[in-house]
Structure formats: structure tokens, C-alpha cells
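Protein chains: 4
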Amino acid sequence: MMTLKFVLAITTVIGCVSALQATANVARTLRANGVNPKKIPIYRGAETPLIGNDHDHEGEKWFFGADGISGRPNDFPPVEAEDFLAHVEGKHAANALVDIFKEHPNEITLVCLGPLTNIAMALKLCPMFSQWPKQVVCMGGNVYGAGNVKSYSTAEFNFSNDPEAAHIVIKELQCPVTIIPWECFLFPASESKIDFHAHLNLDTPLSKYFNTVTFSGRKKLEESGIQYAYCDEIAMATAIDPENIILEEKKLRGSVELHGSLTRGQLALDWTEVLWNEEKMTLGKFCNKRRPIRFVVKYNIPFLDEMIHKTVKKCL
Amino acid sequence: MMTLKFVLAITTVIGCVSALQATANVARTLRANGVNPKKIPIYRGAETPLIGNDHDHEGEKWFFGADGISGRPNDFPPVEAEDFLAHVEGKHAANALVDIFKEHPNEITLVCLGPLTNIAMALKLCPMFSQWPKQVVCMGGNVYGAGNVKSYSTAEFNFSNDPEAAHIVIKELQCPVTIIPWECFLFPASESKIDFHAHLNLDTPLSKYFNTVTFSGRKKLEESGIQYAYCDEIAMATAIDPENIILEEKKLRGSVELHGSLTRGQLALDWTEVLWNEEKMTLGKFCNKRRPIRFVVKYNIPFLDEMIHKTVKKCL
Amino acid sequence: MMTLKFVLAITTVIGCVSALQATANVARTLRANGVNPKKIPIYRGAETPLIGNDHDHEGEKWFFGADGISGRPNDFPPVEAEDFLAHVEGKHAANALVDIFKEHPNEITLVCLGPLTNIAMALKLCPMFSQWPKQVVCMGGNVYGAGNVKSYSTAEFNFSNDPEAAHIVIKELQCPVTIIPWECFLFPASESKIDFHAHLNLDTPLSKYFNTVTFSGRKKLEESGIQYAYCDEIAMATAIDPENIILEEKKLRGSVELHGSLTRGQLALDWTEVLWNEEKMTLGKFCNKRRPIRFVVKYNIPFLDEMIHKTVKKCL
Amino acid sequence: MMTLKFVLAITTVIGCVSALQATANVARTLRANGVNPKKIPIYRGAETPLIGNDHDHEGEKWFFGADGISGRPNDFPPVEAEDFLAHVEGKHAANALVDIFKEHPNEITLVCLGPLTNIAMALKLCPMFSQWPKQVVCMGGNVYGAGNVKSYSTAEFNFSNDPEAAHIVIKELQCPVTIIPWECFLFPASESKIDFHAHLNLDTPLSKYFNTVTFSGRKKLEESGIQYAYCDEIAMATAIDPENIILEEKKLRGSVELHGSLTRGQLALDWTEVLWNEEKMTLGKFCNKRRPIRFVVKYNIPFLDEMIHKTVKKCL
Ligand SMILES: [Ca+2]
Ligand SMILES: [Ca+2]
Ligand SMILES: [Ca+2]
Ligand SMILES: [Ca+2]
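Protein chains in written order, with the working numbering: chain A, 1 to 316; chain B, 317 to 632; chain C, 633 to 948; chain D, 949 to 1264.
Everything labelled a hint here was simulated from the structure, so no lab data went into it.
Every clue listed holds true.
List of simulated lysine-lysine pairs, DSS-like, C-alpha gap at most 25 Å:
#1 C:K852 - D:K1237
#2 A:K298 - B:K567
#3 B:K601 - A:K61
#4 B:K566 - A:K298
#5 D:K1246 - C:K883
#6 A:K251 - B:K614
#7 B:K536 - B:K524
#8 D:K1009 - D:K1167
#9 D:K1167 - D:K1261
#10 D:K1233 - D:K1199
#11 C:K852 - D:K1199
#12 B:K601 - A:K219
#13 B:K407 - D:K1050
#14 D:K1168 - D:K1009
#15 B:K614 - A:K250
#16 A:K250 - B:K509
#17 B:K536 - A:K251
#18 A:K285 - B:K377
#19 B:K566 - A:K150
#20 D:K1198 - C:K852
#21 B:K536 - A:K289
#22 D:K1233 - C:K693
#23 C:K945 - C:K637
#24 C:K882 - D:K1198
#25 D:K987 - D:K1156
#26 A:K251 - A:K134
#27 A:K91 - C:K734
Because the structure is a prediction, the values reported are computed rather than measured.
When you get a sec, could you build the whole thing from the sequences and use the hints?
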């Protein structure tokens, strides 16, 4: 059963590239899908994190290319100057989120694929926003303390880019929250004998575009002998079809660490609750007041791959 | 093959009970083994952590009993007043460690079952100490960011009690280090259909004593529907017979977080090295200068259980 | 020379009371001045800090009264229900700040008397905001590491309430910034033989109102044998007439500490620059890239007192 | 009245130079005084801080010279090879401190002129040590949050080098503690029209030696237009003759911040107690459990200068 019928709006934020570049990337992606970028409103959001980190963005370009999608502007569909102006002028993504969700309380799924700056600002501009999403599905954070940004950090990239925003979102959202942690990529389910490249070689525009935008990352992974695999795609698929995508989940309470020198941006989870049952909660050192988050720890790789294939073939 | 032939000395430290109480517990344990406590030198060590935490020791007594071993002083062998004086007078455990290892460089295995305060002090009193142990096997810390002390902490108990000591030990030791992380207990290998209680019902003095000293903890675990299992025992068995005990290990570099508000005392590991191969090390954000630590992530439960049985029956 | 001709708008924020209560207090204050609250737009702002602290607001009420202005609703002018609705509906203070300053770049002085949440959000919603104020005068923070919130904190109240907002504001503002640190109150200039009570006994409406709203705080200060003195008033007077108000100032670079357990929210200033001259800047450990902030360390108490008297007598 | 009759022992520690180099410097200084270095036991102490900081020791050499005393080995008295072996072999300074003070409880003044690593270790090796000094006089830390190590730190050099040691010492000492904070140098009493160079030009061996060892630092201060002044000398003089040296003192409770990114190593003091009187202590946010420390905030420069002159002329 598909729960996501259409895309109401897209917001952009600084991550491995600027919100401006991300806006252009979204416009180009829509065009690759045969969609007029004016049909789906794009709201440009934060160009800096709330506080941020001394993040080595050069290091990201090494992996993702200068524009975050392999740096191949002449590939299909070629970059157009208007891509950079495709956003709705004069309205910050955070204000747009407030207005859109206010109009459709409990109806819209919010899928987060980048740093959470815009969502945090929406929560701060309007505390009621915390109750308005039907659900939030977020690619970001971790469940086993594994980081992917640098040797001396246990933070995942999206959370590392704006730890304060991640902290606010995890703490304040009052709707169901599902997280696709970084470890879904790092510790993939062992049965994953999937040819992750097959969908890139189909003779469709979208296949070609996927081939282009993942080119740089795939090459880097290959050089290190790592199989290319899905990541943000898991989050989108989980939003669309959780029953088929999620093979194993964990419900855990947690908060984002803001003050560590090695752990700033890490999700600090409460595993004591897994160990002890309700009775323990009478001890002051245990607490079950925070809302539990659903973590996807094992997902159905073949099912996701098939969804991707259908999408690429436009028959989803 | 047994690598540990005999116990040269035992040091005590504040943990769930004071170093004074721990000293008495060691003396009583030696007596339960039929060993005269004067035969194996006991060195009393730190009565406070270097810095420490606002640790809720009442909460520990809830689990371990007032004396840390179930609070049953009249059970076999009954507590004796001399137990509290069984240590070598006038020599701090840290000074004893320096002197003992100085005399036997590369010969002795150091097994750590409590907070690392004494070891850290030995390293500070004598930097050469870092190279003297043949190996260090340590029960403590974590590999997947799971804590066991309280809801708002990702630190394991021993590391949480003295994060600075754990930091110093992990950073400064120059010999092989093996860690039995808390997750060995939390995420036991699935095939563990062991009757962990069998060895407690053998008709031997040591069986009786084990029954006594684990009484309180087992009861608490049962109340929460958790199977009683081994913990410190894994470390000792790993020191004695690593080939048979370790089913799966991971080599990871890491440091102890000192500054987090939720993660203080957690081991912050470098998983980027698992992902990327050597080539990545040219990027400044990656670093492989720290010595890798061996983490036991899966151990041979039946083999350990058999070791325990043999020990209890005195036929090891 | 007066540089501040009229008040364009007032924004409210959670501090010792909620933004809602602060809004009502502003409306009542305008009425006490004989001003229709509809004449000066009031924008209600943040009801929570970005991240915040576990702040003991009960402790504040002990000093300021339940409504933050002595809790005497029937005194002149009595509280009216409409006071709580006096704000401009549907526009968050942060959005209002962006719109107002965008329209009048380099023309408006921004005076900050509470936590800096709204200003930080304005900077995040619109990075250009950093260049639009003519100047910012801020009561908050410290220059000598003295806190006023609790024994185990070196943060001043306004900065302590939203350290992240203070950090953002101090870091990102590109216009001249003047800070009236907490130490202006704690270490007053020695010649301060002023009767701070005189203006409270003048027979004018405003005198009566001042008497009311400072009642609770003055009583608490008296009980501790501390002379009542000015605080927020210094900031407002500095904005109006800096030449006459400022007796001594220091120019220092600094940042707000976010991660200390005792110093979270403190201004961490660079005194090395006071010591060493330009030449030192070639050493990596010294840095003069941050914009210097002007700190008022000694102000003209009699002049301020006269300004207050004139204000109270409506002849400023 | 002189309270310090003779020097019982000297301990060395890593600071701007290694403990080894410091040991040699002490031996040379004793020789410059006409004292046989074997007459006063020197105990070599910690060669690394407990945890430490990424401290730029190159930057210190810029100021103090390669050996910490201007790097002029051929000046009077020339460095001798035995200087580096002048310490008592086989006894760490921390153990020596424990043994010496244990033998003379409440009789000895401990003067600290460097990082506090050895003292902290003595406290950890023997908690009773906290009660044994008659008093501790310490050059280090700050009273107004001013740092002297680098732009992005509010820590004073000695505390910055080993924040954990400073934390332990400040927290655990139970005897009277007097601190000469860095601000005694930074904010000298205004009447200081002293010729700080006069004592360097007297025709005595000690005058010559002082000239040598302060050469590098004086030159750097001159280049920056800063008057050369006393620092460690204030601590020693305060230990000898507090009544004449201390012009103004403050009693404040405090702790050393360990976790800040800008304030790590700063003394975080409780100024709320200065403001509020005893009655406040009923509120949970206020606390007067920590022992107050005496801070010298203004000292008698001419009196100290005269003491130095007498010392240099050997007529003290
Ligand atoms: Ca992404
Ligand atoms: Ca243990
Ligand atoms: Ca205020
Ligand atoms: Ca010194």
C-alpha cells in the first residue's frame, strides 16, 4: 500500500553543498523526471547551520563532486541557469514548512534527507509545528554510535552538520518519528546480494540521470572496494511503504549529544530500557519520559531495489 | 592452551563499592577458593576516581547488594574482620603495579574488571609502564555506544565511574589491548541456550560461593525477565584462552569521550576506517595514528560455561 | 545629543516570564506612559530558547514576582485582559525584525534587554540581517566571568537562558555592538552615592509605575543589604546618549561558551590581545579575526539617574 | 614577620619545559644561590599532564627560550651535566609530597609555581594529603576569566596545562588555599611606578642570574611595550609575608571548568555569594558548600620589589 501520493513541496538546506546549489539540483532532478520545476514549489532554506562545526566541505567534494551530484553539468539533463532561481522567492523554507503543515495537520509525511536546520527553525518559529506532521522519516543519525564524517567524530554527516538542529528536532517533535541511521549502510543485512548497478543501466532518462548523479560517489566506493548501496533512498522508501521495507526495527529513546569533543552530533540512546523492564523506572537514574523513536536497523534491500527499478522505468 | 599460569597480585579500586570493601571481598573470595589471602598480595588502590561523576551508588546497591556481592555476610565463607586488613599495608595499588610490571616486563597479563583508576595512576607515575604488560584484557567500555548506568548516559559502568582514567589507559597503553565491551552482555550471540544456573548448583564450596555472591544481581535480572549471563568472567576467560573464547572480534581505533553531557565515558570509535581503505588516510579528516584495540563482539558461551564448571569443580 | 528619536517596534521573548506575559507587560508599560499599545507594534517572539538550560524559573519569580514585574496587577495601571493580545497577530518577532530592518538598513538601533533568541532567529532566517542594524546595544553577558544565575554557573541571566542564541548573535552581527555586562551592576563605579529611590517617589504616573514594577526586586536586594541600582536602564541610556553615559569602555573580541559544565553561556574573551600588540598575531595561537565588541565597564550613574528623573517627569 | 624559614624540598613538573629540564633549572638556580643542589632534595615529577591540552609548546619557547630560562647555558652559572641528575632517584614527586607532608602535618607551606599535576597525584595517592599542608599558595588560575595562553581560551597557563589536576587540587584541598591569579599581572595596581629592572643590575651573583633567566621574557614584553613585572615572585612573597604583600583579597568559592571549548581550565567562581547574603542559601540554585579560596587581587609592588632587592643582595 502506498501512503505517499504526491510531493507537496521540497525544501533545501546547506549540507554537502549550499542551499542555493541544492535548489538547482532539485530543479534539475525534477526536469530529469519530466516535471516542470515550477509545478512543485521549492523553498530555499538555511545557508548556514544554527551553530555548526568546523566541517571540512572540501572533503565532501572529494566524494560527491563540486555540485554534490558528481559535478557533471553537461550530462542529461544539462544544468540550466534557471535551475538556480527555481525556488519560491521571498519565503524561507522554515516559514514555508510552518504554513504548509498548518494547513494540513496530520496529513503530510515529512521526509528529511539532509541536515535538519529548516525543520528546527520551523519548530522554533511555531511550537505547534511539532504536532502537525503525520510522521517524520529521517535519514540521519546513528543507532550504534558509528560516525561517517571523520576519524575523531561519532556523528553521522547530516546530524554532524547541524547538531543543534538535530537536537531540537529529536527533542521537540510530537509525531511518529522514524530514523534511517547511518548503520543501515555501514552494517547492511548480510543477504544483500543485489546488483546495485542494474538500475543504472536501464535505457530511460531517469536511469541515465541516476548514473550521472551517483557517478562520483560510486567511483570512490569502488576504489575502496566498497559495494555501492542505497542510503537516502531507504528513507524515501520507508516513507512510502514501511511494511515492505522495514525488516527489523528498534524503538529507543534518545537525544543528540551537543557537548562532546568526539561525540558532538551523535545520537545518545537509552539502551537501559531494552535491558530493564518497566519496574526499573522507579529508580531516579532511569527515565522513560522521552518519546521513543523508531530506528530501521534492517531493511528489505531487494524490495527497495525493485522500487527503484520501477521508478526508473516510471511504472511505480 | 592456557596462557595464564597463576595470579601474581590483585589490586582493588572503588567501583560499586569502596576499595576497602573490595579488598575484603577479594580476601573472602580467596578463602572460598581455599587460598590463604596472605598468599596472593592484595594492593588496595584508589578510593576516589580521578574526577568521577555524580554517580548514584545507591542505585548500584539495589542491584549488587550493600557489599557489592549480594550483602550476605554469613553465607559461606562468612565474612571475617581480617578480610578488611588483607591488603599489603603502605603501598598504593598504583605503586604496586609499577613495581610488579617493572620487574617482569612483557611477561604479565593485566586483567581489568573495574574502573581503571589504578592503571591510569600507574601510567602517570611511570610512563614506561605503558610498555610493560604482555597484554591488557579489560572488561569495560562499549563498541556500539550502549550504556548501562542510566538513561541519560551512553557510558558503560566501569568507564563511567572514572572516564579520565579510561581515557588515559586507552590512549597511553602501548601493549596489546583487548576489550570485552558491555554489548557482549547486552547483545549476546543468539545461540546462547545455556543454563547459566547449572554451575551454581554443583555441590562444591566455590559453587556455593558463586551462588551467594551473584544472588542479588540474578534476582534483579529475573524480576525483569532477563537471563542471567556472564560478564567479568568473559574478560578473565579471554585472558586465559582467547583462541577458544573469542568467536568474533573487531579491531577499531578509539578514544574515551570526556566532555559530552550524555556521552561522557563512552568509547568513541573510528568506524570510518572500517569503511574506507588505506587510501583515504591522505585526507586530513581521517587518521590512523591511534593503536587499534581488539574488541570481543561475540564469544563462545558454551566454552566459557564449561570453563566455569571446571573451575567450580576445581579441575581446570 | 539624542540619537534615538522614537521606538519603531518592541519584540518579546521568554526570559524570567513567558513571551506572552512579556507582551502583556509591554502593553501595560506603554499604557503607564500614556501611550496606546496599538501605536507601537509589539511582536511576540520565542516561547522557548533554541536549546536552553534546565533553568530554575521558580527561582526567578522569587526575585521578580510571578509576572516578572512584582506581581501587583491592581496597581497603576491595572492589568487589562487586552494587554495579552496587544501583539501583532500572525507574525513572529524574528520575521518582524527581518522585515523592519530590511526596510531601514543602517538606520535603526536594536536594544536587547532579554535573551537573544529572536535576534538569533532573525540572523538565521536572513543572514543579511547581520549588516542592517545601525548598532546593537545589549544588556547581557559578562566581561569578567561573573555569573548571576546560580552558584555553579558563570553565565549572566540573559545569556544563560539561551546560550546558543547569544553565541549566534555575538558571532554573526556585522554592525557595531555594545554590551552592558552584568558586572556594571556587580562592580559599580565606586563614586556611586546616588539615591536610586528618589525617582520612585516623584508624583507622576511613571514614577508610580516604576515603584510598582521594581517593588519585588528592590525588596529582595534590601533584604540582602544590597543597594538597588540600574541595569537594563544602562543599556537603553547607552543607546540614547553613549557619550555621556559611558565613562570607561573596553574593546575585546570574544565568543559565547556553549560546552562548559560551569561556563555554558559565559562570554569567553580574548585578553591576550590587551597584553600583546599586533606583532604577536603572527603566532598561530593568537587570532584577531573576530570583530571587537565594545564593553561598558564604567558608566555615569548620576547622568543616568538624571535621565531617569527627566523621563519620569516626562521632560526628556 | 617571616613565616617561611627554609625550603624542605623542591618538586618539578612539565610546564613550559619538561620536568627533566625543570630539574636541571632548579639545580642551576640553587648553584646560583651558592647552594649545593644536593642539600635541598629535588623530586622529579610528572612528565605529562593527567589529560592535558593540545598545547603549543613552541609558542612558549618563543617567550621563555628553549630551556624555559632564556636559553643561555653559558651565562653564570654555566649549565653543568650533573644538573640533569640532581633529583632524588627512584621517587616520583607525588610520592615524595605524600611522604614529606605526612611527616610534618600542618607545618609546611606548599608553594605551587607550575602546573598542579604532582599535587593532584599526591591527593589521589593519599586522600589524607588534603589536610596536611599548613597552607597552599598557588600561582595560577584566574579570578576575572582572563586567559593568557591563546585567543580562544580563558585559561591561565598553569591551569591550562593540566586542567584536571587543577580541578582536583581546587576541589580536594582541605587546608587554607591562596591563589595569585593571572590578573595580578594583567591588571596591576595602578600605583606601580616601580623600576622592575633595578634589581637586575646589582653587582651580585643572584642579580646576574636573574638578569639571565628573565632575559628572553623581558625582551618580548619590551617589544610589545609591556612593562616587565613580577609573577611567580608574588606567590613566593605571599607565602613568606602575606600581611605585607596582600593589599586586597577576595574570598570566593569556585571550581575549574573541564568541559568548555573556550573555557577549559578556567576557574569558574561563584560571584552570586558576593551579591546575596546568607539568606539566599535556602534556594537550591545557590550553594556555599565549597571551601572559599583566597584570591590576591592587589599586591604591594614596592614591598615585593624590596624583598627581591634584599634577596638579590642576600640580606633577607
Ligand atoms: Ca542526503
Ligand atoms: Ca566488575
Ligand atoms: Ca532584562
Ligand atoms: Ca611558573
